[in-house]
Amino acid sequence: DTGVSQDPRHKITKRGQNVTFRCDPISEHNRLYWYRQTLGQGPEFLTYFQNEAQLEKSRLLSDRFSAERPKGSFSTLEIQRTEQGDSAMYLCASSLAVKNTEAFFGQGTRLTVV
Amino acid sequence: AQTVTQSQPEMSVQEAETVTLSCTYDTSESDYYLFWYKQPPSRQMILVIRQEAYKQQNATENRFSVNFQKAAKSFSLKISDSQLGDAAMYFCACLRVSGTYKYIFGTGTRLKVLA
Numbered sequence: 001d002t003g004v005s006q007d008p009r010h011k012i013t014k015r016g017q018n019v020t021f022r023c024d025p026i027s028e029h030n031r032l033y034w035y036r037q038t039l040g041q042g043p044e045f046l047t048y049f050q051n052e053a054q055l056e057k058s059r060l061l062s063d064r065f066s067a068e069r070p071k072g073s074f075s076t077l078e079i080q081r082t083e084q085g086d087s088a089m090y091l092c093a094s095s096l097a098v099k100n101t102e103a104f105f106g107q108g109t110r111l112t113v114v
Numbered sequence: 115a116q117t118v119t120q121s122q123p124e125m126s127v128q129e130a131e132t133v134t135l136s137c138t139y140d141t142s143e144s145d146y147y148l149f150w151y152k153q154p155p156s157r158q159m160i161l162v163i164r165q166e167a168y169k170q171q172n173a174t175e176n177r178f179s180v181n182f183q184k185a186a187k188s189f190s191l192k193i194s195d196s197q198l199g200d201a202a203m204y205f206c207a208c209l210r211v212s213g214t215y216k217y218i219f220g221t222g223t224r225l226k227v228l229a
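Sequence order for the protein chains is A and B.
Mapping the first sequence onto my numbering, position 26 (from 1) lands on 26, and the numbers just tick up by one.
For my numbering, count along the second sequence from 1 and bump the result up by 114.
Here chain B stands alone, though its shape is the one from the complex:
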């Protein structure tokens, strides 16, 4: 069975500073994908960044980047130059791509951005 663990229920960061959100996962699959989703208060979840497990290079999307450590099954999200609009719940997810394509989510990290 796949599991995704986010050990930080809440994190705070000063505006313009950098913050790293942690995620570990467990899967027996060799082919899978990892995602970070953002869920603002009372709004729908949107994709922040994705990483293919077969790629060694860490994904980057503007101010968002990941540190993907496949052997350690770790997938952390770094947010640089934090903005007030980054305040949200962040969910790490793993997509199994054999059998049924099922996204498994972690319990989330609430990010507060302090002005």
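Next comes chain A alone, as it looks inside the complex:
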């Protein structure tokens, strides 16, 4: 399978714990996005990388959230001191660096904070 891969698919954590999610984009894609989706809502932009550079970070992303993309390949999204409001589906997407290309999405990581 050469699509966008996310790990884990599901994560249940206790409030206050740290969690880390991984995204492996399609190999030739140099753009990588993280979105958050809550039930019944559309994906909300969190952050965006072009290669290894993090070019934009949403104001929705508090200081507890950090994302990395070392060497421009896979990416990680870490949430520190999780809160119940962090419960959501976290989606990763990747795309080529051309204008009209669509983003390809992974299946997401569903986070439940108890």
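Because the hints were derived from the structure by calculation, they are not lab data.
Each hint should be verified, as a subset may be incorrect.
[As the list claims (entries may be wrong)] In the DMTMM-like style, the derived pairs of lysine to aspartate or glutamate whose C-alpha atoms are separated by at most 25 Å in a straight line are:
1. B:187 to B:145
2. A:57 to A:24
3. A:57 to B:140
4. B:216 to A:102
5. B:216 to A:7
6. B:216 to A:28
[Claimed, not checked] Counterexamples of contact, computed for chain A against chain B with all Cβ distances above 12 Å:
7. 8
8. 14
9. 18
10. 27
11. 28
12. 31
13. 37
14. 52
15. 66
16. 72
17. 73
18. 80
19. 83
20. 88
21. 114
Idealized CB from N, CA, C, for every residue including glycine.
Position chain B against the provided structure of chain A, taking the given hints into account.
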């Protein structure tokens, strides 16, 4: 700031009939792209159709077509000959192509297909 609005939280259509999903957007950009994505239950989002804003001709992909009204900033999706497999959430998205390339999504429309 870009915004995308989908005013129909849910729509229903009889199998084999036609349905139109609405989307309006707001952007100050002159160069942008519009997309419709489908998200089946518990499955990943996939592209349905895309439209370049500089093209006047409406995009078509098999049973899916769009009505792109640039002046009105409207981008509706028409699904013809609806099939049971079309049941899903549909998201309209706008891609800004200046500065950072960021996709902005609407809140979605849940499409039910009735047998």
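Structure-based check of all given hints:
1. B:187 to B:145: Holds, because 13 Å separates the two Cα atoms, which is no more than 25 Å.
2. A:57 to A:24: OK: residue 57 (chain A) and residue 24 (chain A) at ~19 Å, within 25 Å.
3. A:57 to B:140: Within the cut-off at roughly 21 Å; holds.
4. B:216 to A:102: 11 Å, holds
5. B:216 to A:7: Holds. Residue 216 (chain B) to residue 7 (chain A) sits at ~23 Å (cutoff 25 Å).
6. B:216 to A:28: Satisfied, since the Cα-Cα distance of roughly 19 Å is no more than 25 Å.
7. 8: The assertion about residue 8 (chain A) holds, with a minimum of 15 Å to chain B.
8. 14: 25 Å, holds
9. 18: 26 Å, holds
10. 27: Label holds. Min Cβ-Cβ 18 Å, cutoff 12 Å.
11. 28: Given a closest Cβ separation of 16 Å, the condition holds.
12. 31: It is violated; residue 31 (chain A) is separated from chain B by about 6 Å at its closest Cβ, not greater than 12 Å.
13. 37: 9 Å, violated
14. 52: Residue 52 (chain A) clear of chain B: closest Cβ-Cβ about 15 Å, beyond 12 Å.
15. 66: 18 Å, holds
16. 72: Non-interface label on residue 72 (chain A) holds, nearest chain B Cβ at 15 Å vs cutoff 12 Å.
17. 73: Holds, since 19 Å exceeds 12 Å.
18. 80: 24 Å, holds
19. 83: 23 Å, holds
20. 88: Non-interface label stands for residue 88 (chain A): nearest chain B Cβ at 14 Å, farther than 12 Å.
21. 114: About 21 Å separates residue 114 (chain A) from the closest Cβ of chain B, which puts it past 12 Å; holds.
Hints 12, 13 from the list above are not met by this structure, while the remaining hints are.
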